[in-house]
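Trainee: Residue strings, one per chain:
Number of protein chains: 2
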Amino acid sequence: MSKVFSKVILCEYLLSMERGDGQIKKNQMILVDENKIHSVGPVPQTLPEGKEIIRLNNHLVCPGLINTHTHLPMVLFRGLGDHLTLQRWLEEIIFPLEKKMVNPEFIRVGTELALLELIKNGITTVCDMYFHTPVMAGLFESYGLRGVLAVDMLSSFSDWKKDLDDLCDTYKESQRVHPAIACHAPYTCDADLLKLSAEESQKRNLPISIHVAETEWEISEIKKQYGKTPVAHLKDCGVIGPHSIFVHCVYLNEEDMDLMAETNTPLSYNPESNMKLGSGVAPILRAMEKGITVSMGTDGAASNNDLNLFTEMDTGAKLQKLKNPSKTVKAKDIFSMVTTSAAKALGLSDSIGKIQAGFFADIIALNLNHPHLYPRHDLLNHLVYSASGREVDFVMCHGKVLMKDAEIQGVDVFRIYAEAEMIKEKIKETV
Amino acid sequence: MSKVFSKVILCEYLLSMERGDGQIKKNQMILVDENKIHSVGPVPQTLPEGKEIIRLNNHLVCPGLINTHTHLPMVLFRGLGDHLTLQRWLEEIIFPLEKKMVNPEFIRVGTELALLELIKNGITTVCDMYFHTPVMAGLFESYGLRGVLAVDMLSSFSDWKKDLDDLCDTYKESQRVHPAIACHAPYTCDADLLKLSAEESQKRNLPISIHVAETEWEISEIKKQYGKTPVAHLKDCGVIGPHSIFVHCVYLNEEDMDLMAETNTPLSYNPESNMKLGSGVAPILRAMEKGITVSMGTDGAASNNDLNLFTEMDTGAKLQKLKNPSKTVKAKDIFSMVTTSAAKALGLSDSIGKIQAGFFADIIALNLNHPHLYPRHDLLNHLVYSASGREVDFVMCHGKVLMKDAEIQGVDVFRIYAEAEMIKEKIKETV
Chain A
1 MSKVFSKVIL CEYLLSMERG DGQIKKNQMI LVDENKIHSV GPVPQTLPEG
51 KEIIRLNNHL VCPGLINTHT HLPMVLFRGL GDHLTLQRWL EEIIFPLEKK
101 MVNPEFIRVG TELALLELIK NGITTVCDMY FHTPVMAGLF ESYGLRGVLA
151 VDMLSSFSDW KKDLDDLCDT YKESQRVHPA IACHAPYTCD ADLLKLSAEE
201 SQKRNLPISI HVAETEWEIS EIKKQYGKTP VAHLKDCGVI GPHSIFVHCV
251 YLNEEDMDLM AETNTPLSYN PESNMKLGSG VAPILRAMEK GITVSMGTDG
301 AASNNDLNLF TEMDTGAKLQ KLKNPSKTVK AKDIFSMVTT SAAKALGLSD
351 SIGKIQAGFF ADIIALNLNH PHLYPRHDLL NHLVYSASGR EVDFVMCHGK
401 VLMKDAEIQG VDVFRIYAEA EMIKEKIKET V
Chain B
1 MSKVFSKVIL CEYLLSMERG DGQIKKNQMI LVDENKIHSV GPVPQTLPEG
51 KEIIRLNNHL VCPGLINTHT HLPMVLFRGL GDHLTLQRWL EEIIFPLEKK
101 MVNPEFIRVG TELALLELIK NGITTVCDMY FHTPVMAGLF ESYGLRGVLA
151 VDMLSSFSDW KKDLDDLCDT YKESQRVHPA IACHAPYTCD ADLLKLSAEE
201 SQKRNLPISI HVAETEWEIS EIKKQYGKTP VAHLKDCGVI GPHSIFVHCV
251 YLNEEDMDLM AETNTPLSYN PESNMKLGSG VAPILRAMEK GITVSMGTDG
301 AASNNDLNLF TEMDTGAKLQ KLKNPSKTVK AKDIFSMVTT SAAKALGLSD
351 SIGKIQAGFF ADIIALNLNH PHLYPRHDLL NHLVYSASGR EVDFVMCHGK
401 VLMKDAEIQG VDVFRIYAEA EMIKEKIKET V
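Quick note, the sequences are listed as chains A and B, same order. So the first sequence is numbered by our numbering: it starts at 1 and just counts up by one. So the second sequence is numbered by our numbering: it starts at 1 and just counts up by one.
The hints are simulated quantities; they were obtained by calculation from the structure and are not laboratory data. Treat the hints with care, as some may be off.
One copy or two, it doesn't matter: identical chains are merged, so the pair holds either way.
To be verified - Capping the alpha-carbon separation at 25 Å, the derived lysine to aspartate or glutamate pairs in DMTMM-like fashion look like this:
1. Lys424 to Asp21
2. Lys323 to Glu216
3. Lys426 to Glu98
4. Lys428 to Glu12
5. Lys323 to Glu91
6. Lys25 to Glu429
7. Lys332 to Glu92
8. Lys25 to Glu419
9. Lys323 to Glu92
10. Lys327 to Glu91
11. Lys172 to Glu91
12. Lys161 to Glu34
13. Lys323 to Glu254
14. Lys426 to Glu12
15. Lys332 to Glu425
16. Lys223 to Glu429
17. Lys203 to Glu18
18. Lys235 to Glu52
19. Lys404 to Asp393
20. Lys36 to Asp405
21. Lys290 to Glu254
22. Lys99 to Asp378
23. Lys404 to Glu52
24. Lys3 to Glu255
In this text, all values refer to a predicted model and were calculated from it rather than measured experimentally.
With the rest of the complex left out, here is chain A:
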């Protein structure tokens, strides 16, 4: 008897990123075996047997997108203090609100709302940094998304050690939920806490996520305190290397970049958040020239104001063109920031970021029947500069179909919208 595959996916256009060259092939078939990709190749004359045949005519199929920096539950603060710069926005709006609002129920509703938005926008993996991480982890499990979920070392809302032990125990065998450590920033975490984080990271073999060199203010603050740049200071504390994801990196000097390159420390570029908070423009092209792995993140929705990597790619590419008018920005490099390079940044480059035999089946499809995607001179350019997220109508993560015909599967979205509105009322009473 011949093998029966879990899913047989027929793609009119496929951008597998297998060789990282941005090549798009026509009429390809993906065979999915439980949670993994069995094989990818041209559609044969006779189709193999499958429990489900998914025909994606007039669709562009690509790897599920990877968002390397989020604070998911902050969707509940979306649209608050939109006119403020980073320090005022944190001190006047976010920190006081978090103090009053953050509890497991807030985290649950915020995470559920955020997961809906991620699915709608074709994001199947995120690296998140927030509080009550075990609550979030449970939702990633039940929704079926992939998460590198970092426990904040600085939290007054929950006990990092307890949360980290809990996560490490519960998800030891999980292929989808990966515990991690979050240090907020060099200016909020003192040197002792950074060193402790580095020790914990090594002991438990966990990645660390940290905001680095986000503003000029931070640069002068760290210079004042430690007499060096944030990157140099982090190196001295042991927070550097392939498992330390440096987020923002707006103000890096040449030595900082050399250090990151030598130590294989990946970078998460968050252009929209950096613009909205008036922080600056990260030297991404220079970082790539130095060989640093550059991925992309949306940051929290409170400073973006969405969790959309399509608009992020568009803006992020244009921002680099603005900063470097004489240099070439290639669409394939931008797309790698949300697929292959993002997988590498998270230490998952052997299992996600490509549609390739043996990789997990994280697959999305964009419906190409939109006026803004015609004519089809170059679908990769359209992905980066024209797509807005609305095109995604099919999402699979770890072999499970999360969205089909633009409908999120098995979730009562209206229940979540109503709960989000209830939290809004509570926030109103609070402010």
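For this one, chain A is given, so just place chain B on it according to the hints.
Mentor: The following block gives chain B in isolation, referenced to the frame of chain A:
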């Protein structure tokens, strides 16, 4: 017998822009009488009679958006030369392609494709600058959109005088198609042509649209030729004033802005195009402080790569925050750039840009049932920073319903997609 209205529109949320304060009211009713708004007010206990009752529950209703700078048929060049800067992109890709491709058939297909995209994104009025303008005008008439359509004085593809006479004759009585004059730029139009344009504009009472101070290269080129700034040079040629729309204005000095303010010359801010072509960031906040009317445009899709004012508002607002980290950027000011201020820039502030009794019925609605629009702390902020265009599912222009339940009415979109692909093949043979 009581009056029967053409349309009775029931809005759960209404942003009328009537007083320009960005206020959103709940449970409002708009009565439409043929092509005009008869009245706006709270939903009464007994509904008036209407040929059609349109219930927009869970929708935000607002004025149709106004895009003050486009080159619509250039959608057919979408995605070509995406890595190049302005001068190379024009000289290596666009100008040679236009030479070979631009003919009435190209203009027809390009315009039809662009009109679909405009409708999908809730844009009901554009100010366009391109060639074979009478062909475009006919399509605006048949599709039912509003256009200020500028005939290029520099065209080698069609005779400006013939086209302008034709437009002025045919659309003398039109309330939707408004002829205008386009001068490409101070560096492509010599002083004589600019003066002639000013004369024609006065004689025929038509607005002029012109690219101004887009790049540093242009500033030095005009300085070299005329010993002054582009704005000062245009003033000397008579191309200035409330009917001259200055597009881009990336490099304005204080005197240029004073001149524009004194003469009530409006500005069209095209942030995404300016980023993508590496041109720079226009001093929009300073221009507003000076009292200049600032509107917004997408530019052609070849340098954007879409015709989407939602993503343009988002990026345009963020870009100003990046340029002016200590200043306040208000969402209502950004939204006015695509409604009230845009109407003013086009000389149409008595008839469009607001949902108000006596104004033309240009009305759009956004479906709020999207995770990225929850919770609803501030729907105006969501419009500017979170919406991506996908939310628009109802569009009315001049009293005619162009899109309903996200379906464009009465147009075979697949015919247009196929024609766009055929043009793509011709472009391929050409390059």
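Trainee: Compare the structure with each hint and give your call.
Mentor: How the hints compare with the structure:
{"no.": "1", "hint": "Lys424 to Asp21", "result": "between (45 Å within a copy, 23 Å between copies)"}
{"no.": "2", "hint": "Lys323 to Glu216", "result": "both (17 Å within a copy, 14 Å between copies)"}
{"no.": "3", "hint": "Lys426 to Glu98", "result": "within (12 Å within a copy, 58 Å between copies)"}
{"no.": "4", "hint": "Lys428 to Glu12", "result": "between (48 Å within a copy, 21 Å between copies)"}
{"no.": "5", "hint": "Lys323 to Glu91", "result": "between (30 Å within a copy, 22 Å between copies)"}
{"no.": "6", "hint": "Lys25 to Glu429", "result": "between (54 Å within a copy, 21 Å between copies)"}
{"no.": "7", "hint": "Lys332 to Glu92", "result": "between (40 Å within a copy, 22 Å between copies)"}
{"no.": "8", "hint": "Lys25 to Glu419", "result": "between (43 Å within a copy, 23 Å between copies)"}
{"no.": "9", "hint": "Lys323 to Glu92", "result": "between (31 Å within a copy, 22 Å between copies)"}
{"no.": "10", "hint": "Lys327 to Glu91", "result": "between (38 Å within a copy, 17 Å between copies)"}
{"no.": "11", "hint": "Lys172 to Glu91", "result": "neither (37 Å within a copy, 58 Å between copies)"}
{"no.": "12", "hint": "Lys161 to Glu34", "result": "neither (34 Å within a copy, 68 Å between copies)"}
{"no.": "13", "hint": "Lys323 to Glu254", "result": "both (16 Å within a copy, 24 Å between copies)"}
{"no.": "14", "hint": "Lys426 to Glu12", "result": "between (48 Å within a copy, 22 Å between copies)"}
{"no.": "15", "hint": "Lys332 to Glu425", "result": "between (44 Å within a copy, 23 Å between copies)"}
{"no.": "16", "hint": "Lys223 to Glu429", "result": "neither (40 Å within a copy, 59 Å between copies)"}
{"no.": "17", "hint": "Lys203 to Glu18", "result": "neither (33 Å within a copy, 62 Å between copies)"}
{"no.": "18", "hint": "Lys235 to Glu52", "result": "neither (50 Å within a copy, 68 Å between copies)"}
{"no.": "19", "hint": "Lys404 to Asp393", "result": "both (6 Å within a copy, 20 Å between copies)"}
{"no.": "20", "hint": "Lys36 to Asp405", "result": "within (22 Å within a copy, 38 Å between copies)"}
{"no.": "21", "hint": "Lys290 to Glu254", "result": "within (9 Å within a copy, 40 Å between copies)"}
{"no.": "22", "hint": "Lys99 to Asp378", "result": "between (48 Å within a copy, 21 Å between copies)"}
{"no.": "23", "hint": "Lys404 to Glu52", "result": "within (13 Å within a copy, 33 Å between copies)"}
{"no.": "24", "hint": "Lys3 to Glu255", "result": "neither (55 Å within a copy, 76 Å between copies)"}
Violated hints, in rising order: 11, 12, 16, 17, 18, 24; the structure is consistent with all others.
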